[in-house]
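Undergrad: Chains A and B, in that order, give the protein sequences.
Per this note's numbering, the first sequence starts with residue 1, numbered consecutively.
Per this note's numbering, the second sequence starts with residue 388, numbered consecutively.
These are computed hints drawn from the structure, not numbers from a lab.
Possibly wrong hints are sitting among the right ones.
[Claimed, not checked] Going by beta-carbon spacing under 7 Å, a handful of chain A positions derived as facing chain B:
id : residue
1  : His13
2  : His44
3  : Val47
Where is the CB? At the ideal position from N, CA and C, for every residue including glycine.
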Amino acid sequence: MTVVDLGPVGLDHGGHLLLERAVAGLRPGQQLRIEGTDPGLGLHLRVWARQRGHRIEGDRTVVRGDLPERRWAGTQRAGSRDEPAGQAQPGWGLAARGALVESGGPPLLGVDLDQREMVWSELASKLYAQAAANQWDPATAVDWSPPDLPSEIETAVVQTMTYLIENEQAALMVPARFLGRIHPHYREIVAFLATQIADEARHVEVFTRRAALCGHSPGISGAGGRASLQSLLEEPDWASASFLLSVLGEGSFLSLLSFLEQYAPDPVTARISHLVLADEARHVAFALGHLGEHVTADAGQRDRLRAALERRHDTLAKTAGLSPAVHDSLILIAAGSWTPAAIQGGWDAVQALQADMDEGRRRRLVRLGFDENQAAELSALHTKNFM
Amino acid sequence: MTRPATLGAVAYDAKVVTIWEGFRRWLRQHDLEFDFVLYSHYERQVEDLVEGRIDVAWNSPLAWVRTRRMAPGAQPLVMRDTDCDLTSVVVVRADSTVTDLAGLANRKVAVGAVDSPQATLLPLALIGEVPVQVRRFEVGVGLHGDHIGGERDAARALAAGEVDAACMIDASHLLFATEGTLPAGTTRIVARTDPFDHCNMTVTGSPSPDLDRFASLLLEMDYADPRVRPLLDLEGLTRWVPGRTSGYKQLEAAVDRFGFYDRRGRVTADDYQP
Numbered sequence: 001m002t003v004v005d006l007g008p009v010g011l012d013h014g015g016h017l018l019l020e021r022a023v024a025g026l027r028p029g030q031q032l033r034i035e036g037t038d039p040g041l042g043l044h045l046r047v048w049a050r051q052r053g054h055r056i057e058g059d060r061t062v063v064r065g066d067l068p069e070r071r072w073a074g075t076q077r078a079g080s081r082d083e084p085a086g087q088a089q090p091g092w093g094l095a096a097r098g099a100l101v102e103s104g105g106p107p108l109l110g111v112d113l114d115q116r117e118m119v120w121s122e123l124a125s126k127l128y129a130q131a132a133a134n135q136w137d138p139a140t141a142v143d144w145s146p147p148d149l150p151s152e153i154e155t156a157v158v159q160t161m162t163y164l165i166e167n168e169q170a171a172l173m174v175p176a177r178f179l180g181r182i183h184p185h186y187r188e189i190v191a192f193l194a195t196q197i198a199d200e201a202r203h204v205e206v207f208t209r210r211a212a213l214c215g216h217s218p219g220i221s222g223a224g225g226r227a228s229l230q231s232l233l234e235e236p237d238w239a240s241a242s243f244l245l246s247v248l249g250e251g252s253f254l255s256l257l258s259f260l261e262q263y264a265p266d267p268v269t270a271r272i273s274h275l276v277l278a279d280e281a282r283h284v285a286f287a288l289g290h291l292g293e294h295v296t297a298d299a300g301q302r303d304r305l306r307a308a309l310e311r312r313h314d315t316l317a318k319t320a321g322l323s324p325a326v327h328d329s330l331i332l333i334a335a336g337s338w339t340p341a342a343i344q345g346g347w348d349a350v351q352a353l354q355a356d357m358d359e360g361r362r363r364r365l366v367r368l369g370f371d372e373n374q375a376a377e378l379s380a381l382h383t384k385n386f387m
Numbered sequence: 388m389t390r391p392a393t394l395g396a397v398a399y400d401a402k403v404v405t406i407w408e409g410f411r412r413w414l415r416q417h418d419l420e421f422d423f424v425l426y427s428h429y430e431r432q433v434e435d436l437v438e439g440r441i442d443v444a445w446n447s448p449l450a451w452v453r454t455r456r457m458a459p460g461a462q463p464l465v466m467r468d469t470d471c472d473l474t475s476v477v478v479v480r481a482d483s484t485v486t487d488l489a490g491l492a493n494r495k496v497a498v499g500a501v502d503s504p505q506a507t508l509l510p511l512a513l514i515g516e517v518p519v520q521v522r523r524f525e526v527g528v529g530l531h532g533d534h535i536g537g538e539r540d541a542a543r544a545l546a547a548g549e550v551d552a553a554c555m556i557d558a559s560h561l562l563f564a565t566e567g568t569l570p571a572g573t574t575r576i577v578a579r580t581d582p583f584d585h586c587n588m589t590v591t592g593s594p595s596p597d598l599d600r601f602a603s604l605l606l607e608m609d610y611a612d613p614r615v616r617p618l619l620d621l622e623g624l625t626r627w628v629p630g631r632t633s634g635y636k637q638l639e640a641a642v643d644r645f646g647f648y649d650r651r652g653r654v655t656a657d658d659y660q661p
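Pulled out of the complex, with its shape left as it was, chain B reads as follows (with noise of 0.2 Å):
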């Protein structure tokens, strides 16, 4: 029996099963093969799809750095509209009197989990030689921040006046204030990173016939169409959009600076246990 094109994704929520069931459902009906194996981690994601046990892997942005050290060739086939130019904001309260990320020396300061992008190494990144006492707050370790729920403890601690300071993706700032987390005007942003991509659909050399078919698929898909906008809608975009390499860069040297990667993708950090 052939293989059929086979994605990865990492269970980060429930709510994925319900995703990549549906899609699976509308790609199968278009007459692609298509199924899904899901992960609790994104490194083992990382590794089958280098090793071949997978054909295209739903990768974080840390998972897409890392994949692309351990496979040269891997290329970013689809993304969602919603994942380009995000920024990550590094927060105090508003009657602070931090105003710079200068400010912020010998100040605590706390963060998503180890393994987040946006929530701990792009902000730790962007504070770079600023000496701060790092909080991090460990939920979901090895779902690289897709999990909230680091981020959301990290805004709980600076509202309660535990930390000085608070990192977060800007999304989540403005969920955090209309949920009452951190409520409207109580904060005030004093640094803000360069716009960033965050997931995509990587494959790690030339695309086969069915993963060509699979991409196109993917960009075909049509809001307009009800049997994919619930997935859509679940899944946080209203297109899918070419992949591209170029909103990595702030991500790769963050990786490098706090040596979460060596150059060859072999886990360094020795605080992560995925």
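Same shape as in the complex, but just chain A (with noise of 0.2 Å):
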């Protein structure tokens, strides 16, 4: 017969471990005696064997029983641990992918994004420790010294901050929509919609902060640009709300950005711009590779992003897209000044601007499988709200 010896170790001090591995390696039926000098062991013993399916024989014999067994009959692995698997399980649950699940347990509701085709990009894992290696902190990566702008270019930058903060208040939005619908399986998925959404939240922080940094409040909020960003959260399919956000919103956005890092009047907006932009590239370099790999696979889905598109263009068919008050306002800071040659400078850099944004939707489109003409026609139903 086997014997363990607790020694001085009771069970109510960590010696369960020392019998737990001493009964795994016994068949049901084998026995097992326990040696221990602890006072309570002889009593205790009796709760533990009793708990556990095992029985006592005399005073310190435990006959193996066969719960182990039976706990463990029908489990099944979460998928491979290298690789997520083409249908994710409900009752699979939150488990580790490659966990052993026991059986019985509550199925996970609501995470019907659980296909592999509908989620999986095989960059995520990549763009993910990009995104985590590069976090950063608004306090120390700007230097928030209030700049000395004339008043009418500060209300210009106020005015420009307070459309972008709408803007990523809707791109934290939309990802956390589906982010708790996509089966956890796919974690790497998961992971970087976690990022893409901690990084919108430090964006509209530092929006914030840059539009309040001289003492003024924020400026207006269109109409027009609260329906376009509104159609955005109703989109209820994850590839075209994707689609329509990252691919050609934030696409857009990255001339959008990029050109205030050029035009800045200030070091603050010249800084926080180049900062978002580096985080949205890399938003939107996912998008282009998830659905990549979706239009790939599926030729099908080519013709739902385009019918998206058209649904969200017609829905915005009649709202007046970009406000003036920001357009304007991105004239003046292109301007920078009040001179007729200033403000035709603007108005150029605006419009190139636009058809840079355009270009780089065209050829977003086009990776996307688009052919040219197709592209083409696509970018010019996009929002004039940019985003």
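With the hints as a guide, dock the two chains, each given alone in a separate frame, to form the complex.
TA: In structure tokens:
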């Protein structure tokens, strides 16, 4: 008979580990003799055995039961550690990928994005690692010394920041709405989106701080801009939302942030535009990556993306698009002063910005497999509000 | 409409709802018309069982004793494997000079609620004629000790030095040690009861075919079945076993000794108000 000696260690002091280890080496029905000097051992041994389905014979002999075998009957692995499954099962719950999952737990509800082809991107791990390595602290990454700008230029900056804030709020809420719907089996995707959401929270913060830096209240929030953003929030399909928000919207913002960095009238605006641009470029890369894989696997996906864009365009057809206050602020920022020549230069710069946005959108649409003509046509349907 | 086989259970914890809703679902899946009623204490449950308002009662050992006095033909259909051969202990602090029950004479002994078999009636019967000052911790009166709060408060009083000894069931002694209420090595067991049985599924006479089927289905429940395993875990058993009457003699004697119920099952304990 196997004997295990607990020495002075009681079952109220970790001794159960020694018992469990010894019992694990036995088959059901085999016996284990327990030695030990703890005064409570005899009492506690009975409790331990009872709760674990073993039997006690005499005073100190455990007859192994078959509870572990029965508990682990019907277990399955939550897919493979290294290879995400084609279909993640609700019964895997929140278990680590590849974990041995005891049957009988509650199914994970509300995770309808549970197929590899719906969510997976080979790029996610790499982009998540980049995101984790490149998180920046607004408190130290930016010198927040207030600039001394002419009042109207400062007002234009504040108006632009006001516009950026609401756009970044939308860019936070859209992935946040989908995050909880993605099966955690696809953890790289969930992790990347979590960084994207954290990025957007930081963007909202820095634009808010810049808007208030010289003591101004925020500017105007146009109804047309909000209608455009609302249509993003209402898109129920993740691929379509990702297409509209990240490929087209954040893609356009890459041009806008580049423009702001170039024409910023103060170092704070230039710096935060630079920092945000790097984050947004990552979001665009992720969306292009996962949608690119989707359209390759399913040609019909391209038609669905097109339909989503056309639907949004129709919804927004009667709205004003970009607020004139924002448009004119961008001109003034690029102009830098009120001389007619400077204003004309600012106008040209904003025209060039819009052309650059269009060119970028078309390039990304081509990457998703649309031909040049389709890309031009679809780019023109994108919201006038940029995001 | 014919009444389905109806079980009474005492709602000593919110999990009782989960447990019996789960069991009801499983039993119905096995073609047994079954329902349950929850009670706030055991006395009404026993009275309703005897009056025929329910068909089977998930009874505490004390409720079993009372049922048997009110309905002598009562039988335990099934019980949990983990309810067989339990013991209660009387413990003192490790540094106490008390080494046996006699040493407790004229000292303070903490027990659970007035109606707790394991933390009050059985250990006080074990202490027997030794004159002690009993300090009761009345948590969940009417739940027959299912609520562990009184036992835990008694243990805390021991740890705090307010009493000289405390009474509890064996599993609680291990639990209180592992959770830190009575840290390992700080107490010493001075007496232990003989083994006794705990809850059983009581019927008042020969079981109907439905109740026979109910008992058979419970006995068939397999811990390997993921539909019932979480419920068995919640209910604290690994399998149902046939009921037996042999494990209640100590409690019968304690009930008589302290006049908790009379021979016909009437509540005679003065200070018991469930």
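Undergrad: Confirm or reject each hint.
TA: Quick rundown of the hints versus the structure:
Interface hint at histidine 13 of chain A: satisfied, since its Cβ lies 4 Å from the closest Cβ of chain B, which is below the 7 Å cut-off. The beta carbon of histidine 44 of chain A comes within 5 Å of a beta carbon in chain B, closer than 7 Å, and the hint placing it at the interface holds. The criterion of a C-beta within 7 Å of any C-beta in chain B is met by valine 47 of chain A, whose closest approach is roughly 5 Å, and the hint holds.
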